[in-house]
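**Q** From first to last, the protein sequence lines are chains A and B.
The numbering of the first sequence is the numbering used here, which starts it at 1 and goes up by one.
The numbering of the second sequence is the numbering used here, which starts it at 1 and goes up by one.
By construction, these hints were calculated from the structure, which means they are not laboratory data.
Please note: incorrect hints may appear among the correct ones.
Pairwise CB distance ranges (calculated) [to be verified]:
1) G171/B / L42/A: 26 to 32 Å
2) N202/B / A694/A: 45 to 51 Å
3) N551/A / G170/B: 26 to 32 Å
4) Q211/B / E690/A: 42 to 48 Å
5) G170/B / P396/A: 52 to 58 Å
6) N202/B / H456/A: 42 to 48 Å
Ideal placement from N, C-alpha and C gives every residue a C-beta, glycine not left out.
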Amino acid sequence: MAEVTYNWPENHKARLIGKRVSRLDGMEKSTGAAKYTYDINLPKQLVVRALGCPHAHCRVISVDASATEKVPGVVLVHLIKAPKPGDEPVEIRADGTLLVAVAAETEAIAAEGVSKLKVKYELLESFVADHDLQAAEAKKRTKKAGGGIELDEAIGEPGDDDDEEEWEEQKVQQLFAQSKYVVEGNYGIDTITHCCLEPHGSTLHWDGDRLKVNHSTQNVSRTDDGYADALKISADEVDVHCEYIGGGFGSKFKPDYWGIAAAEIAKQTGRPIKFLLTRDQELKIGGNRPSGFIDVKLGADENGVVQVWDSHHWGTSGFNGSTVSVGNFPYVFRPKNWRRRATGIITDNEPSVAWRAPNHPQACAITQTAYDDLAAKMQADSLDIFLRNLENIDSPEKSLVYAEQLRIGADLIDWRKHWHLHGKGKRRGSVVEGLGIGIHKWGGTANSSNCLLKIHPDGGVESYCGTQDLGTGTRTICAMVLAETLGLPIEAVKVNIGSSTYPFSGASGGSTTVGAVSESHRRAAQEVLAQLFDLVAKRLEVPAEKLEASNGNISVVGYSDKSMSWKQACSLIGIQPLEVTSIYKRGDDSPLSSSNVAGCQMARVAVDTDTGVVKIIKMVAVQDMGLVMNRKTAESQIYGALIMSIAAALFEQRINDPKTGAFINSELDSYRLPRLGDTGELVVHFHEPENERARGVIGLGEPPAISGGAAIANAVCNATGVRVPTLPLTPKRVLDALRTAKG
Amino acid sequence: MGASQSDARDVATCLNLIPDSYTFIPVDLGNCCAHLFHRLEPDGFIMSQQSSQGVSRRGFLKGSGAAVAVSTVVSSTEAEAAAPGLQVVSGETSITLKVNGKSMTAKVEPRTTLLDVLRYQFDLTGAKPVSLGGSSGASTVLIGGKAVMASTTLALAVAGKEVTTCESLGGDAVPAAFVEHDAQQCGFCTPGFVVAVRAFLNKYPNATEEQIRAGLNGNICRCGTYANILQAVVSLVKGNSNG
Ligand code: FES
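Here chain B stands alone, though its shape is the one from the complex (with noise of 0.2 Å):
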């Protein structure tokens, strides 16, 4: 589906909106343009909205080069070698995570999201399933000091790595900022921008309100608290008790 000459006008202009982690593919929707936004994730992954149907089971492609350090046994019951370097891991499989300083283990298909573990084994729910596709932004979680969606993340590909969510961030500066800005309504959005904030300090920490309002667009809040997220990350800049 090719892109009128607006739409990718459109795309240019809409640009400087969106972090750099997003691409564009320009779609032409009936009586409007839209853009689809997908997030590039660290490691490389793109995954649909379909993700728990869009992904077997069975098949969990494990690149050589890739990042995907299994540190654990991986009890593959019809391991077999797609392509030379590659590896097919299938069935249900032990992996141990590090979540918040935590060893845990969990018991993963191939398909398991990462947020599918937090939720459903750890109980940790403060990560939210809104947009399986990620661009809501509301299970951001901290990987390695990096924002990522734990709804676009497998469980296999971060097995062994540092997992850190909003739940460990009881004692931060973020979240008291948020309370004290009101930066949250009903709250569903909140974990979400707590974590993406939390990871845009630590590489942005004397931010300008400029690059704040280009920088935490990767999450969505329905209720419309932004103007108070603003005023709570220009705060934690201003009082540098970001840390």
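Chain A on its own, in the form it takes in the complex (with noise of 0.2 Å):
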């Protein structure tokens, strides 16, 4: 067999990939007939449901079941973060961490038991007053999280007998003097949770000693390592497995210690456990994003172009005390002297996880707001002036791509005719309009992926990988590649991903999967379809370069009539199955993936300025992504992305009490998210200049997700010329920042 060189179709040969196909599983998912982790019920199973601490920092001193255990139909009470009678009391550090499980014969009952539980607290001073950077340290909440300063070489260095930091203050001052316009502003946006409709947790049962896990994860193929450290097994004894997961969004990685919670019960109990949040530890509990502040200082030259950044920021990452990531700061922009530096704060909340594009859209929301008010100091269009930063980037070879994508945007969104400058537009009664940007820049770079691809003697095909399909469409993307690369109609594919003992596939995070799973099987198909044209080549006695697969077909090239079906063809494989496994590692030097998108978002909304409310008008997004395969998802990614832009500027919060540190809107009834009036006019946008395709396939989950937030904050400022400093831009928060403008 020659070697498969991997490739792509050319465009005008490509019947599936680039194109719009409805996702495989839209019917199950529409009609309940899609098994989620909560969906499955094992006979004789056991639910548990735990209590969640309600205090943000206390000790747990001691745990009276006696009541619990009386209630029938309670089975087991099972301690999580609570002292066994005897015991040294337990720290809790955030509102809503599971203290005891317990497991009955309904939910209902399960519920019962733990509302009767009485648990002694000893109360601990709590802080969250995240934003607050005084009295954090006033406090000793916080923690160095990094920083640095970078100054023009022509600048020069410190002398032997300068004090590098004494030094460092004084270029920097120099340079704000030499600056014709300055500055000075405070932006903030606060934690938000990952709020998974279908919360964290997992159904199983032992099998022996083996632990079968329905689990709600992003991580199929890992998440058994986590369960065997914990319950002291070998991964291979473990099994996961997750047809179907209802949102991730970067939290859902690890077993949690509810699921090994739920092993142990299981273990104990002898029964199948469910276990999953409820709504209110789903918020508390299940994940959420560092929230970010920052004092910003910049000085730019007469044409707008930024010479100089200064900034500060701090946050919270719960109580490990971290905030985003100082290394992006500020975003996408990188003028030619900066100096950052960041101020982690320790509160008691639960410990931020990965939140989809991890640390940008919060750096997105708090500096390129200041590059927005720059244009408004200068009176000056926005769009000009991001254009003309587009000479200071941190990747400089992307700022035709960026001023292209910009163009592109403000086409869209009709910028020139609708632009005014800051606060000089026109009044409808109380209403104002404005426009604003952001960009954003994401990797993407595909995972680690194998692929089994079976094809059998009677013509089907089926594929296993342990991947999973997290509502991007991964499984209809296995499939399309299949059955592009084998010339098959796509519904002659069986895909088979969501379970460990399938080939390993890395987990869904960073925009990785499709990049992956793209990968591994194309690579599977090639192999398996070269082999097929060995044996069609020698039955009809033409070499095997000339054979194509389309149509349902092998054909000689250019000779219609010498041809073979793909079921007699599939017949000369012989008895056994023609089996392939490809093996995809991240990283690999690779013509079908690559990494590296830009991207622009731009929003128009009308503020009422006697309410404070804001309203999305539109909202477009510009987008690269390298070969687009399923037109069709990557559409919904954007608007989906869009749309959790527009939730994150305008509704949602964690709000924690002040004085308790409790997490109090932890429903959804107060932790506010948009609903299908909310979003305005969405318009998506591919941008595929002309050699984009030969890119390959670039991920897409998360560059959408990044820059709504700066682009709504900033369509406010030019709708009302005030800054409105930190999201969400709530009714209240857009009031108080006109009242204090007014004075």
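The task is to assemble the complex, starting from two chains supplied on their own in separate frames and drawing on the hints.
**A** Below, the structure is given as structure tokens:
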């Protein structure tokens, strides 16, 4: 067999790749046939509910479960993070931390059992004021979180006798003194939670010594390790399944301590266990994104090109006390001179975890707002200021891409027609309108992925891959790639994903999955096809390289009469199926995938200055992504990302009670998310210049979820002429900012 | 807790985003204003998110005039008159529900929600337990053709009534339009949305885009499929294929 050259079909030949293909499991999802972890009911299962700690910071002294144990139907009370009688108290650092689990015959009984637990707490002082750096310092709740400085070469180096910091300070101040425009501002973005609609958890049972777990996970292939480690068994004794997952967004990579508790309870009771978090717990401990607040000073030349950036930001990632990583400040833009510093704040909250495009949305929202304030100060067009500053960005090779994307975005949102200087637009009653921009970047390198592909002698095609479909349409893309390569209709291939018993495939995080499965499935299909071509070539007495697979046939290129149906061809395989396992390792050089995209988003908003309510009129997303796999699901990804950006920009925030530290809006009636009527008109544009396809597949999940917040914040500033510093821009914050500006 | 001036105005402005079936209770939550959205069910049921904890296994108050036609034998062990015309039902009881055209028997306690019955006794898991207070719409089912949250509806209250879940809508135009317009990502909110759309179109078969934007705000999608759902519903209205 000749060595296989991996490639994608040329555009004009592709039947499925790059086209609009409906997701294969759409009907199952729409009609309730798709079974999620929460939906799986195992015979004789017990349902577990747990008591979440009602205090942000306390010690759990003792647990009295006697009343719980008396509830008919309660089978087991299991301590999670609580002392056994006689043990030392357990310190708790986050509201919602699971203390005691109750396993019962039904969910309602388990909940009743939980309500009857009597727990003694010793309250400790809590601190949750992540926005208040001074207060945090006074309470010794801060941690250094990195920083650095870079000055233009022309400025030179400190002399041997100079104190380095003093010298740097002097140079930075000189740069400000030379600047034509100086902007000072403070900006912020609150902590938000992942709020997966399917809460974290598992439905599991022991089959002898084997643990069989249905787990709502973004990491089907490697969640077994976590269970195995904690339970002191080996990973090959744990099977993890997840056919469908109701949202993850970066928060579902591990068994989590409640998954381990479920396995322990299953062991103790000898019964299958279903243990999923309640909504309140999902919001409190199911994952959150760090907050960020910043003091910025920037200096620009007469053209509005930023020459010096100086910032200090802080925020919290919960009790581990980190903040948004400093490496991306200012975001995308990189003036020749910059100094930046970060301080983490230790609050009594659950530690944050990865959130769609970790760090980027916050970095974007709290730095590109300063660039927009420069436009406001100069009474210049924001678009011009963004364009001019493309001369200093962290990936200079992308500046033309951004320029083109900004031009396209401006056309789509009708920038020239609707633009007015900040705060100088027409008023309709109490309503003003405005425009804003954000730009972003992302890597999106394909993750490792292996695929086992079987071709049966009767023509059947099935694949196995331990990947997962978070809603991006992974399952459909696997099928598209196989069907495209083998020249078959998409229904002719049976794709199996979602089990750790299948070949390894990397976790879905960081926009790595579509690239990963495209790599592994294309490779497997090309290899299998090469083997099949050899068999067919012999039979038809033609060279194998003259064969092609299309329309359910394998035929000789240019001789349509010389062909075999797929079925006939497969009958040449013999009695055993043809099997190929492809292996793709992240970072392997490949013509099939690559990385690094840009992207811009623009928002047009209306602000009611009487009520403070912001409404989205229109948002535009312009996004490059290499080779588009499924145009339909790719578009949905971007729509969804825009809507998530609207959520963080206008609605959602974790609210901690300043006195008790409690997370007080941990239900969906008070943790506000946008609804269908809140999203305005959304426009998605795939930026596909001529050479874009040749870049291969690049992940798409994160990039469009980054710059919408900055765009909306800037649009509100453009509308009102007033900077509302902190996202979400709630009506109260908008009104407060307007009042403060009036004086 | 009083709503501040700005909260009150905010509520007024938001009202047009929310269907009639919501009442607003503005509350002041620290540094922002948030609103509690409580959906009034057709039968006047309002339940808090603490439903399964807050409603005791003993107390289901049957109002004589209320629409709680329990058509089955209530094998109450502790029935007692709480007030004239009211009767307390307690303990476990067998009831019959008409689900998707089939008569099905369930064992319920007073506190058992319709959602619990569907998911745990009938293995109809399309309706999802997302927010027990009903503010996500994920557990939407039809009762007598009206959209209702199964999570805030007590099973006893719907005994004998016609319950339609997403599982029966396989041949309906709504799921097909959802697939065509890719109105689902993770899909966890989707069954609830499908049923809500069905109910909405039954009432407003010729809805304008504006009406669609205003009328489907009882459901939450975290993945952000609203744009696709909107397209799906617009196409259903246009295609006039929503029956
Ligand atoms: S599709 Fe995931 S919540 Fe709607």
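**Q** A separate judgement is required for each hint: does it hold in the structure or not?
**A** Each hint tested on the structure:
1. G171/B / L42/A: 26 to 32 Å: Cβ of G171/B to Cβ of L42/A: about 30 Å, so the range 26 to 32 Å holds.
2. N202/B / A694/A: 45 to 51 Å: 50 Å, holds
3. N551/A / G170/B: 26 to 32 Å: For N551/A and G170/B the Cβ distance comes to about 31 Å; the hint holds.
4. Q211/B / E690/A: 42 to 48 Å: The hint (42 to 48 Å, Cβ to Cβ) holds, given that Q211/B and E690/A are roughly 43 Å apart.
5. G170/B / P396/A: 52 to 58 Å: Roughly 54 Å apart at Cβ, these two residues keep to the hinted range, so it holds.
6. N202/B / H456/A: 42 to 48 Å: 46 Å Cβ-Cβ, so the 42 to 48 Å window holds.
Checked against the numbered hints above, the structure breaks none of them.
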